[in-house]
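**Student:** From first to last, the protein sequence lines stand for chains A and B.
1 is the number of the first residue of the first sequence in the numbering used here; add one for each residue after it.
581 is the number of the first residue of the second sequence in the numbering used here; add one for each residue after it.
Hints were generated in silico from the structure; no laboratory data involved.
Keep in mind that the hints are not guaranteed to be accurate.
Stated by the list, open to error - Some chain A residues well away from chain B (every beta-carbon gap over 12 Å; in silico):
| hint | residue |
| --- | --- |
| 1 | 172 |
| 2 | 185 |
| 3 | 537 |
| 4 | 560 |
To be verified - Only part of the chain B face toward chain A is listed, based on derived beta-carbon distances under 7 Å:
| hint | residue |
| --- | --- |
| 5 | 599 |
| 6 | 601 |
| 7 | 604 |
| 8 | 672 |
| 9 | 675 |
Said to hold, decoys possible - Derived CB-CB ranges, DEER-like:
| hint | chain 1 | residue 1 | chain 2 | residue 2 | range |
| --- | --- | --- | --- | --- | --- |
| 10 | A | 65 | B | 655 | 51 to 61 Å |
| 11 | A | 567 | B | 637 | 30 to 40 Å |
| 12 | B | 611 | A | 579 | 38 to 48 Å |
As the structure is a computational prediction, the values presented were derived from the model and not from experiment.
Ideal Cβ positions, reconstructed from N, Cα and C, are used throughout, including at glycine.
For reference, the chains in residue letters:
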Amino acid sequence: MLSILTILIIGIPWIGAMCIWLLGDRHPRVLHALATAFALLAAIATLSVIPFSTSQPVVLIAMGGILGDFTLIPDGLAIFIAAIATVVGSAAVIFAIDYMGQAKQLARFYALILFFIGAMAGLALSGSLLFTFFFWEITALCSYALISFHNDDPRAVAGGIKALIMTQLGGVGLLGGALLVYSYFGNYQISSLLTHYQNLPPVVLGLMGFGFLVAAAAKSAQVPFHSWLPDAMEAPTPVTALIHAATMVNAGVYLLARFYPAFKSISGWSIAVMTIGVLSALLAGLMALAANDIKRVLAYSTISQLGYMFYAVGTGAIFASQFHLFSHAIFKALLFLSAGAVITALGTRDLGQMGGLGKRMPFLQVMFVIGALGLMGLPIANGFFSKELILESGLETGPLVFYLIMLFSAGVTALYTVRLLYLIFWGESRGRTQPTHDGLPAMRVSLIVLAFGTLTTWLLAGGFSQLLASTLPFHHLEAGPTSTMVKQICLAPTTWIALGVIALGCATWLVRTRFTTLAEAFKPMLEAGFGFDALNRQIVQGVKRTAAFVQIAQTGQLNWNVAGIVTGLVVILLVVLRGA
Amino acid sequence: MSLSLFSIAFIGVIGLLGIGFYGLMICRNLIKIVIALQILVKAALLGLIAAGNLNGQINLSQSMALTVIVADTIVAVMGIALGVQIRRRIGTLDVHELSSLKG
Chain A
1 MLSILTILII
11 GIPWIGAMCI
21 WLLGDRHPRV
31 LHALATAFAL
41 LAAIATLSVI
51 PFSTSQPVVL
61 IAMGGILGDF
71 TLIPDGLAIF
81 IAAIATVVGS
91 AAVIFAIDYM
101 GQAKQLARFY
111 ALILFFIGAM
121 AGLALSGSLL
131 FTFFFWEITA
141 LCSYALISFH
151 NDDPRAVAGG
161 IKALIMTQLG
171 GVGLLGGALL
181 VYSYFGNYQI
191 SSLLTHYQNL
201 PPVVLGLMGF
211 GFLVAAAAKS
221 AQVPFHSWLP
231 DAMEAPTPVT
241 ALIHAATMVN
251 AGVYLLARFY
261 PAFKSISGWS
271 IAVMTIGVLS
281 ALLAGLMALA
291 ANDIKRVLAY
301 STISQLGYMF
311 YAVGTGAIFA
321 SQFHLFSHAI
331 FKALLFLSAG
341 AVITALGTRD
351 LGQMGGLGKR
361 MPFLQVMFVI
371 GALGLMGLPI
381 ANGFFSKELI
391 LESGLETGPL
401 VFYLIMLFSA
411 GVTALYTVRL
421 LYLIFWGESR
431 GRTQPTHDGL
441 PAMRVSLIVL
451 AFGTLTTWLL
461 AGGFSQLLAS
471 TLPFHHLEAG
481 PTSTMVKQIC
491 LAPTTWIALG
501 VIALGCATWL
511 VRTRFTTLAE
521 AFKPMLEAGF
531 GFDALNRQIV
541 QGVKRTAAFV
551 QIAQTGQLNW
561 NVAGIVTGLV
571 VILLVVLRGA
Chain B
581 MSLSLFSIAF
591 IGVIGLLGIG
601 FYGLMICRNL
611 IKIVIALQIL
621 VKAALLGLIA
631 AGNLNGQINL
641 SQSMALTVIV
651 ADTIVAVMGI
661 ALGVQIRRRI
671 GTLDVHELSS
681 LKG
């Protein structure tokens, strides 16, 4: 029974994707209904597996030969990622009923979203590294196709290709790791790596650790691979909320958390993870201060919050990182979907044309403020508890300077969140267009669900920690009831320091006029994204130049090609003969 | 000096390979290229049979050789058919002139 349910978590969305694809674009209403039904069914299947989480494979299919065994293991870590994918996925699909409306090629949109939901659940549930890699690549492919959904818009196409190339770069690291595991253990099972990693030569383990780190950083849009995420904002907003805030970008954090027991012994690995996290949190937070596109601000804040999760993994606080992942998925999906509602009502993403909308959009304002509470890490919202846990463990086990930077980033987070709220809902109205609505019915449903989640999911902290502790045999996690955790967080001095810094960040906005010269001085640097975009462009130019240079060899003449083949054959023969 | 059967076959393989590759490198006429390709494949056939004879699995190598002959015939037929079409449409069989697919 459990095995069937676990397969259904992946199967339902994929069957739905196929049905919708076959149905075509003729009946938009049927498509909306079908997509919602399949997404909700997948969510129910996932939630019903949670009580039966186990660290043993519940599905084991021998694929034969080099493919090894396909296993599904619904342990605490996996089932929570799957739950986020399906539940937030349902919210995004419900939101899309109003957002997409009668849009063209609706079937393609829903099919890809459902395909993605299934793949994301599979990525988390798979116990085989090779199949994790397959699911990993499927999510990247869906992300690419959905970013470029409006494929008549050159910016959307460019953003999609950028995201695809960057995440593929990381995928190579994951594939290399999977093949190394196979060559040493004869199978791809993650559990055999976590059990026997001491038997690996340190160089091989180090190679895997840093290969996975590159894969995770590229997937989770961390410095220096972060620049694909802001460009991915051309995607329809439900896609952004689901893939580029709540699920796919978390895959990197999930990967690091999953393999932390094996990699923590590699010298320099933890520090490297922390450094990437700290740099991403700080730089992306600063860039969010200068962005003028409502979705780009949120994209930078996603990078910054993912940086917090990386930092937590680096300090060994696996539970804190996963808990923040959980909180972030919910409040960031809420923020993105609220922003999507604002965008549909106004027809623009430019913050310069908003302002003073709070009076005309009271409902969306409330939703956005709830999301913002989570993002800033203020009490009652779930982001408060998870962020404090991260900062606390950072102070205990990480270097002090990293802790101070993270504290500063928390202040920056508060500052850019207040700026975003002010530019959208408060202050003077700068837009010429009147908002057409204050959240359409389906939009409201999914927003209310997510807002409720933002305010209450911290109550699950205790259960979540016990689930993780009981089903992750390699991680040695401490578990406790929610009440102890809340007490511990509220009594810790770091919490009050952090709250002070957050308040300071908010207060900075009130006295922003005093910092005008400072802001003007830094603005060009922030808008240029600290030169990372220029670096990307130079790499692309370099590759193009190399390609043009190598093209000389491509004469298109058969005789030259054969001569090349023969030369290659002779060289290989000589190498083989020397070797023998 | 007496040569073993295998040595003779080996010399044959090397010789046919050399002729085939030489033809592919030098010829510009598409028909001649197909012929050179045929010679190249015959070298592979001879190699297969010789290898089978050497390790005593002549049955296996003969069946492999038969498969190669079938595949190779199809290649030859396709190549010549393409040649005929190219001659009709472009008016030449010189491969240096056929650069419309050059990247």
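**Student:** Find the hints from earlier in the document that the structure breaks and name them by number, from lowest to highest.
**Tutor:** 4, 5, 8 and 10
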